[in-house]
Structure formats: C-alpha cells, structure tokens
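> As a plain string of letters, each chain reads:
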Amino acid sequence: MATIARNRLPDQEREKLRATWETAPGVYGWFATVDHKQIGIRYLVTSIVFLLIGGVEALVMRVQLAQPGMKLLAPEQYDQLFSLHGVTMIFLYALPVLSGFSNYLWPLMLGSRDMAFPRVNALSYWLYLLSGVFLYVGVPLGQAPNGGWFNYVPYTSREYDPGINIDIYALGLIFLGISTAVGSANFVVTLLRTRAPGMSINRMPILVWGTVTASAANLLAVPSVSLACLMLWLDRSFGAHFFEVSGHGQPLLWQHLFWAFGHPWVYALVLPAMGIVSDALPVFCRRPLVGYTAVALATVTTMVIGFGVWVHHMFATGLPAMAISFFSAASIIIAIPSAIAVFSWLATIWTGQPVFRTPFLFFAGFVILFVIGGVSGFMTASAALDWQLTDTYFVVAHLHYVLLGINLFPVVGGIYYWFPKMTGRMMGERLGRWSFWTMFIGFNIAFFPMHVVGLEGMPRRVYTYPADLGLGGWNLLISVGAFLFAAGILLFLVNLVLSLSRGAPAGPNPWDAPTLEWATSSPPPPHNFDIIPIVASRHPLWEDRLEEVEERSQLDRGYLLDVGRETIGTTPMDAEPNVILRMPGDSLLPLGLALCVTLLFLGLLAHAWVIAGLGLAGALGVLVAWLAPAPPVEAQKARIYA
Amino acid sequence: MPEIRVAARLLPVNGTGRLSTGWWGMLCLVATEGILFAYLIFSHGYLGAQAVGDWPPGGAPALALALPNTFLLLGSSIVLEIGLRRYETARAGSPLPALLVTAAMGGAFVLVQLKEWSNKPFSFDSNAYACSYFTLTGFHLAHVLAGLFALLVLAVWSWQGRLRRRPSLPLALGRIYWHFVDIVWLAVFTTIYLVPQQP
Chain A
1 MATIARNRLP
11 DQEREKLRAT
21 WETAPGVYGW
31 FATVDHKQIG
41 IRYLVTSIVF
51 LLIGGVEALV
61 MRVQLAQPGM
71 KLLAPEQYDQ
81 LFSLHGVTMI
91 FLYALPVLSG
101 FSNYLWPLML
111 GSRDMAFPRV
121 NALSYWLYLL
131 SGVFLYVGVP
141 LGQAPNGGWF
151 NYVPYTSREY
161 DPGINIDIYA
171 LGLIFLGIST
181 AVGSANFVVT
191 LLRTRAPGMS
201 INRMPILVWG
211 TVTASAANLL
221 AVPSVSLACL
231 MLWLDRSFGA
241 HFFEVSGHGQ
251 PLLWQHLFWA
261 FGHPWVYALV
271 LPAMGIVSDA
281 LPVFCRRPLV
291 GYTAVALATV
301 TTMVIGFGVW
311 VHHMFATGLP
321 AMAISFFSAA
331 SIIIAIPSAI
341 AVFSWLATIW
351 TGQPVFRTPF
361 LFFAGFVILF
371 VIGGVSGFMT
381 ASAALDWQLT
391 DTYFVVAHLH
401 YVLLGINLFP
411 VVGGIYYWFP
421 KMTGRMMGER
431 LGRWSFWTMF
441 IGFNIAFFPM
451 HVVGLEGMPR
461 RVYTYPADLG
471 LGGWNLLISV
481 GAFLFAAGIL
491 LFLVNLVLSL
501 SRGAPAGPNP
511 WDAPTLEWAT
521 SSPPPPHNFD
531 IIPIVASRHP
541 LWEDRLEEVE
551 ERSQLDRGYL
561 LDVGRETIGT
571 TPMDAEPNVI
581 LRMPGDSLLP
591 LGLALCVTLL
601 FLGLLAHAWV
611 IAGLGLAGAL
621 GVLVAWLAPA
631 PPVEAQKARI
641 YA
Chain B
1 MPEIRVAARL
11 LPVNGTGRLS
21 TGWWGMLCLV
31 ATEGILFAYL
41 IFSHGYLGAQ
51 AVGDWPPGGA
61 PALALALPNT
71 FLLLGSSIVL
81 EIGLRRYETA
91 RAGSPLPALL
101 VTAAMGGAFV
111 LVQLKEWSNK
121 PFSFDSNAYA
131 CSYFTLTGFH
141 LAHVLAGLFA
151 LLVLAVWSWQ
161 GRLRRRPSLP
171 LALGRIYWHF
181 VDIVWLAVFT
191 TIYLVPQQP
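Quick note, the sequences are listed as chains A and B, same order.
For the first sequence, the UniProt record's numbering begins at 1 and goes up steadily by one.
For the second sequence, the UniProt record's numbering begins at 1 and goes up steadily by one.
Because the hints were derived from the structure by calculation, they are not lab data.
Since the model is a prediction, treat every value here as computed from it, not as a measurement.
The beta carbon of each residue, even a glycine, is placed where N, CA and C say it ideally should be.
Just so you know, not all the hints are guaranteed correct.
Claimed, not checked - Interface residues of chain B toward chain A, partial, derived using beta-carbon atoms under 10 Å:
(1) A38
(2) L40
(3) W117
(4) N119
(5) P170
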C-alpha cells in the first residue's frame with residue numbers, strides 16, 4: 001500500500017523494535033515465548049491435530065456403522081470412541097481453534113503490539129495443551145471417558161461406571177476450564193484496553209465482536225460445567241449425593257448445569273467463526289459488510305438469548321409444560337439474530353462483485369450449511385417435534401451441520417485467507433478448490449442422509465443396529481460421505497504443507513483487504529507495527545475509495561514507543577490513549593504454573609493427595625513470583641514518529 | 001518528512017487502578033468466581049426445591065455462631081478499607097497494620113467456621129443437603145483462605161518496602177478480592193442460614 005511505503009521508519013529504528021520484541025532463540029525461547037503470533041499458531045496447530053484425532057475416531061465409528069450388525073468395535077470400545085470424539089471435537093478443537101485465530105489476529109487487527117496479558121496468553125495455551133493430553137491419558141489403559149461428551153448421570157456414577165474413565169473426564173474438563181477462563185479474561189481486557197487510538201467500539205472488526213462476546217460468555221458459563229464436574233467427582237470419590245438418588249440427590253441437576261454451560265458454549269464455538277466470515281467474506285465481494293451495526297448487535301443478542309435456551313436439550317426429561325414453553329419460545333426467537341447475520345452476508349454477496357477465490361467458496365458454503373443447520377435447529381426448538389426427534393440421528397445431523405458448518409468451514413476458509421499473513425506465502429488455488437468441493441460434497445453426503453435415518457427412527461449413541469431396520473443402505477452412503485469429507489480435509493492439509501515452501505510470495509496485502517492486519521508485512525515483525533496506527537474508520541485501508549468516509553487513518557505516523565516493550569493503552573469505549581503499557585518479555589512462569597496445575601490434577605486423579613498438595617503449593621509459589629510488584633515507573637512523554 | 005519526536009503529553013506507565021490492565025483482569029476473575037457461586041447457590045436451591053421431607057433436614061441451622069461471624073467478616077472489610085484509604089491519602093505510613101488486622105479477623109472467621117462445621121450432626125456424605133452445605137460453605141472457606149494468603153503476601157511485600165507507590169496496584173487488587181469474598185459470604189449466609197428460618 002502506498003500509504004505504508006511512503007514514510008517508512010528508518011531501518012535502524014525498525015531493527016531496534018525488532019530486537020526488543022523478538023523471542024529469545026533456541027529451546028528457552030520455545031518454552032518461554034509470550035508472542036501472541038507464536039501462541040496463536042500453536043493454538044491453531046494443536047487444535048488441528050486434535051481435529052485429526054477426533055476425525056479418525058469418527059471414521060472408525062463410521063466403518064462400524066456402515067452396515068448393520070458389524071463387529072469391528074465392541075460396545076465398550078464404541079462408547080469410548082464416541083465419547084472421545086465428542087470431547088475432542090467440542091472441547092479440544094472447536095473453541096481452541098478460534099482462540100488460535102483470535103490470538104494471532106487480535107493485536108494485528110486492533111493495531112497493538114500484543115495481548116493485554118502476554119504471559120496469561122502463554123499460560124492459557126500450556127493449560128490447554130496439557131489438559132488435552134490429560135483427557136487422553138486413559139487411552140493407553142483402555143480407560144478413556146465413555147459417558148459421551150454430555151456425560152449424563154446416572155450412567156456415569158461410580159455404581160454403573162466404576163473405572164477412572166469418568167474421573168478423567170470430570171477432572172479434565174475442570175482443568176481445561178481454567179485455560180478457557182484465563183484466555184477469555186485476556187480477550188476481554190485486551191479488547192477494553194489495547195485497541196489502537198481511534199478504534200472506538202463501532203470500528204472494530206466483527207471477529208473481535210464475536211470473540212469478545214464468546215469470551216464474556218465463557219467467563220459466565222464455564223464455571224457451571226466445572227462445578228458439575230466437581231460434584232460428579234465428589235459423588236464418585238467421596239460418596240457425595242449431588243446426583244445420586246438414594247441420598248436425595250438429583251440426576252437432572254447434572255443436565256441443568258451441563259446445558260446451562262453447554263448451550264452458551266455452542267454459541268461461543270460459532271460466533272467468532274461467524275465473525276471470520278463477516279470480516280473476510282466482504283473482501284471477496286469487494287465492498288464493506290452490509291449492516292455492520294446489525295451484525296454486531298445480533299452477535300451480542302444471540303449470546304444473551306443463548307443463556308436462556310438450555311432446557312431445549314431436556315424437553316424429553318419430563319419438565320413442567322411452563323418451563324418447556326418458555327425455553328421453546330426462546331429457542332425459536334434466537335433464530336432472529338442468526339437470520340440477521342445470514343441476510344447481511346447474502347446482501348453483501350448480492351450487492352457486491354464476488355471474486356470466486358477459495359476462501360469465498362468456503363464462506364459461501366458456510367452460509368448454505370448454516371441455513372440447513374439453522375432450519376433443523378428451528379424445527380427441534382418446537383417441543384412437540386423435538387419429542388419425535390430427540391435421541392435420533394436427526395439431532396446428530398443438526399449438530400454436525402451447525403458445528404462443522406459454522407465452525408469448520410469458516411475455519412478452513414479463514415486459514416486460506418490468513419495463511420498469507422502468517423507465512424508470507426499464498427496457498428495453492430487449484431488444490432484449494434478441489435479441497436473445498438471434496439469437503440462440501442463429502443460433508444453433505446455424510447450428514448444430510450442422517451436427517452432421513454433420524455426421521456426413520458434410527459436412535460443415536462448406538463454401536464450397531466439390526467438389519468431389519470432397513471437403514472443399511474443409507475448408513476453405507478453416510479460412511480462413504482464421511483471418508484470423502486476426510487479426503488477433502490486431507491487435500492487441504494496437503495495444500496497447507498506444500499504452500500509453506502512452494503506458495504507464491506504474498507506481500508503485505510494480497511487480497512486487498514481493508515483491516516489493520518494487512519497494513520503490516522507478511523509475516524508481521526515481532527512488534528507487529530513500526531508505528532501504532534491511529535484509526536479513523538472501520539476500513540483503514542479502503543478509505544481512499546469509500547466515498548462516505550471523510551477522515552483518514554494514519555498508518556505511518558503516530559506512537560513509536562521504542563523504549564522497551566511498550567504499547568499504548570486506550571479508554572474502553574472511545575479508544576483515547578491514556579496510558580503506556582510496558583509489556584513483559586519471555587518468561588518460563590506460564591509453563592511452570594501450567595506444569596504445577598498438571599501435577600495437581602494428576603494427584604487428584606490418582607487420589608495421591610501429597611502430589612496434589614505439591615502441585616497446589618508449586619502453583620501458589622509461581623503465582624506469587626508472577627504477581628510480584630515491579631519497581632514503580634514514572635510517567636513518560638511517549639516517543640512518536642510525526 | 002516525519003521524524004522521531006517526543007509527545008508533549010505526559011502519560012502514566014502501566015498505571016494503577018482503572019488505568020492498569022491488572023484492575024480489569026481482577027474484575028474478570030471476580031465475575032467468573034461470582035458466577036461460580038451463583039451456580040453453587042442455584043444447585044443448593046434446586047436440591048432444596050426437589051427435596052422430599054425437611055430441607056434442611058432437622059430444621060433451620062442456628063445463627064448463634066454464624067451471625068457474629070458474619071459481622072466479623074464484614075468488619076474485616078471495613079478495617080481493610082479504612083486502613084488502605086488512610087495509606088493512600090498518606091494519613092498512614094504503612095498498610096501493614098491494616099493488612100495484619102484484616103488477616104487476623106479473617107483467620108478468626110475461618111476458625112469459627114471450622115467450629116461450626118464440627119458442630120454439625122451430619123457429615124459430608126450423609127445426604128444431599130450435607131454435600132451441598134459443605135460444598136457451598138467449603139468453596140467460600142477456600143476463597144477466604146486464598147484471600148488470607150493474598151493478604152499475607154501483601155503484608156510481606158509491604159514489609160519489604162515494595163508497595164511504596166501510592167496508590168499501589170497489588171494493594172488495590174487484594175482489596176477488591178477481599179471485599180468480593182465478603183460480599184459473596186452475604187449471599188452464602190442468606191442461602192444457608194436466613195432463607196430456612198421460620199418466622
């Protein structure tokens with residue numbers, strides 16, 4: 001962009017900033033980095049590894065289900081596989097992958113140099129990784145979680161499930177919940193305090209709206225499932241009676257706590273992904289998003305209503321009609337904000353000049369899948385119909401349309417879109433189209449027929465089915481579709497690996513996109529921006545051609561802040577600069593704290609109280625070192641380039 | 001041609017109170033911990049609403065220890081608030097006395113609460129009420145202990161002369177947390193002790 005090249009910072013200054021912000025080389029740097037870009041990429045890579053693991057689990061199940069009466073898997077093996085599949089996809093892939101995007105992109109989109117709490121960012125990654133490994137520790141022992149990702153009691157009480165399977169699940173989710181909570185707090189504070197000067201809340205990218213909404217919701221929702229898991233662990237380990245009927249406990253309490261978390265969580269899995277589309281789709285339509293304000297408000301509204309719909313997972317549990325009516329109504333109303341977003345995307349495509357590159361295909365495909373999944377969700381929001389469909393494959397179809405359709409398709413499209421920024425190279429276009437069409441066709445062959453087998457009465461969560469159900473043909477088709485879909489993912493990964501070394505050089509802004517992350521080089525330097533931009537509109541890089549925008553953002557003059565690791569802190573609403581934030585550098589404290597927490601949870605799992613106590617004491621010690629007061633720094637006059 | 005210059009305006013570095021990021025981080029912690037107690041109280045209420053027979057079994061718990069203990073905990077918040085305000089406005093030379101008195105009052109609260117526990121005729125695994133009672137009050141007790149730990153760490157830092165800056169961010173964060181622990185106790189106290197009382 002001309003505006004960037006015109007007044008480049010002198011090379012010497014650039015080097016000074018780079019040296020200040022660069023992660024130390026070698027093994028130390030690898031464990032100690034707090035660079036949001038490295039952490040973001042780690043989140044993305046780790047979550048995609050979990051996606052592949054969860055995907056292989058799904059394929060094994062689809063072989064088992066391809067024909068009636070198959071004997072590939074024993075029932076107990078199937079239970080563990082479908083539980084691990086759900087836990088992996090929902091907890092270890094779907095949210096962390098979005099955290100990966102947001103970690104990488106937020107400071108770049110917000111015109112800042114790092115997240116508000118760089119070390120907390122590293123902590124949340126390490127906790128995520130270690131809790132993911134923790135959830136898999138039972139696999140080599142043949143004792144993986146086996147109560148489904150929803151883990152209903154009393155199936156999962158000690159009486160009916162005596163192994164450590166469920167203890168791993170319960171403790172693992174509490175463990176992962178810590179990662180989610182600290183990560184979410186970091187997003188919230190980053191949003192409130194580190195936006196570039198001038199980026200008032202009506203100028204933020206929609207991805208930022210989506211992630212902050214999801215993060216605020218996570219802060220309020222995750223404690224519910226952590227508490228439920230703790231209660232279950234107490235029931236199982238110490239003979240408590242929270243869910244256990246003979247001691248006047250209530251099995252349904254589990255479902256209330258689980259879904260009071262679970263449904264907001266589902267929206268946390270999709271809102272940032274919808275944000276990816278809202279930001280990237282317009283770039284391929286060569287126009288701003290239609291209805292920015294409506295989409296931003298719809299994002300928040302979806303989440304607020306999303307806290308009042310959880311009972312629609314429990315319509316068949318015999319609750320009073322009044323409760324069912326209320327939650328049914330809320331579940332129907334939530335279609336309105338979703339529809340606002342859909343019509344905004346459609347209007348953006350309709351009134352734009354679409355460029356049919358690979359990311360566009362994924363985003364357009366997403367809109368179709370979202371509508372299909374939305375309609376089947378709208379159908380099951382009606383209690384009368386839900387009673388017919390609950391626990392059938394119809395619900396499996398619905399949840400895969402929404403979770404894969406609204407999460408995975410935007411994620412893959414988003415990787416095609418931001419890969420050039422992360423690596424400096426374009427992904428292959430030809431292979432990209434192949435990967436899209438293979439995924440899209442495979443997905444629909446795999447999941448659309450599930451509506452049919454569900455309506456025909458095939459129950460979900462079964463390891464096999466009798467031949468006289470007459471659904472062998474449909475199930476074979478579903479399994480073939482699943483493998484086709486997996487082949488599409490494989491093509492995408494091949495493209496990814498090939499493009500790392502062979503992709504065409506991208507330059508700073510290969511898509512000619514409007515937001516700040518495209519104003520810096522690809523890949524960005526460790527300090528992101530030589531000069532912290534001053535933002536005057538929603539589309540800083542499109543101002544010259546958008547007629548309605550009068551003001552001009554400044555990308556080449558503004559805060560330089562080259563005395564140590566510094567970035568600018570701004571006011572929460574209007575983003576007026578009001579403080580210089582001095583950021584921490586490389587640190588082993590996050591990894592140390594995460595390892596202590598791991599020790600704590602391993603101790604709890606093994607009932608080895610001494611080990612758990614050591615973990616806790618270690619964690620407290622690290623926390624004290626972490627929070628130790630820094631020597632006071634006097635107020636400064638910021639260094640600027642103007 | 002632009003050049004490197006120094007801005008005219010003086011800006012604080014890192015800042016304290018609302019200027020700092022730590023203050024907002026603490027609010028996030030308080031929000032997520034606060035909602036955790038809301039879910040605990042919801043669960044307690046749910047178990048109570050669905051209970052067959054008496055809830056709590058054996059009638060409402062006595063206020064003899066709990067009510068004075070409540071005032072003790074609230075008093076500790078007031079002591080901390082007054083002490084830190086005096087320190088911030090330079091009417092007191094050190095926050096140490098306020099921190100130590102607050103911690104002592106908090107420690108006394110813990111001892112009384114443990115006595116209250118040992119007086120109970122039921123144990124943790126007796127029935128759903130007992131589980132919920134010990135879990136809810138136990139969660140609160142754990143938070144008091146965390147708060148005590150924070151107060152003592154702050155006392156050490158203060159004694160080492162590391163909190164000389166006024167206002168001090170670590171003190172502000174410890175103060176928010178301690179007040180939070182006290183306010184949560186009011187909700188727990190209301191749930192466990194006041195709601196079951198028959199007029």
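> Taking 10 Å as the limit, does the beta-carbon of W117 (chain B) come near enough to a beta-carbon in chain A?
This hint is violated: W117 (chain B) lies away from chain A, its Cβ roughly 15 Å from the closest one there, beyond 10 Å.
> Against chain A, is L40 (chain B) within 10 Å by beta-carbon distance?
holds (6 Å)
> At a threshold of 10 Å, is the proposed contact between P170 (chain B) and chain A supported by beta-carbon distances?
This interface hint holds because 5 Å falls under the 10 Å limit.
> Next item in the hint list is A38 (chain B). Is there a CB on chain A closer than 10 Å to its CB?
holds (8 Å)
> Does N119 (chain B) hold up as a contact with chain A if the rule is Cβ-Cβ below 10 Å?
violated (20 Å)
The structure fails to meet hints 3, 4 from the earlier list, while all remaining hints are met.
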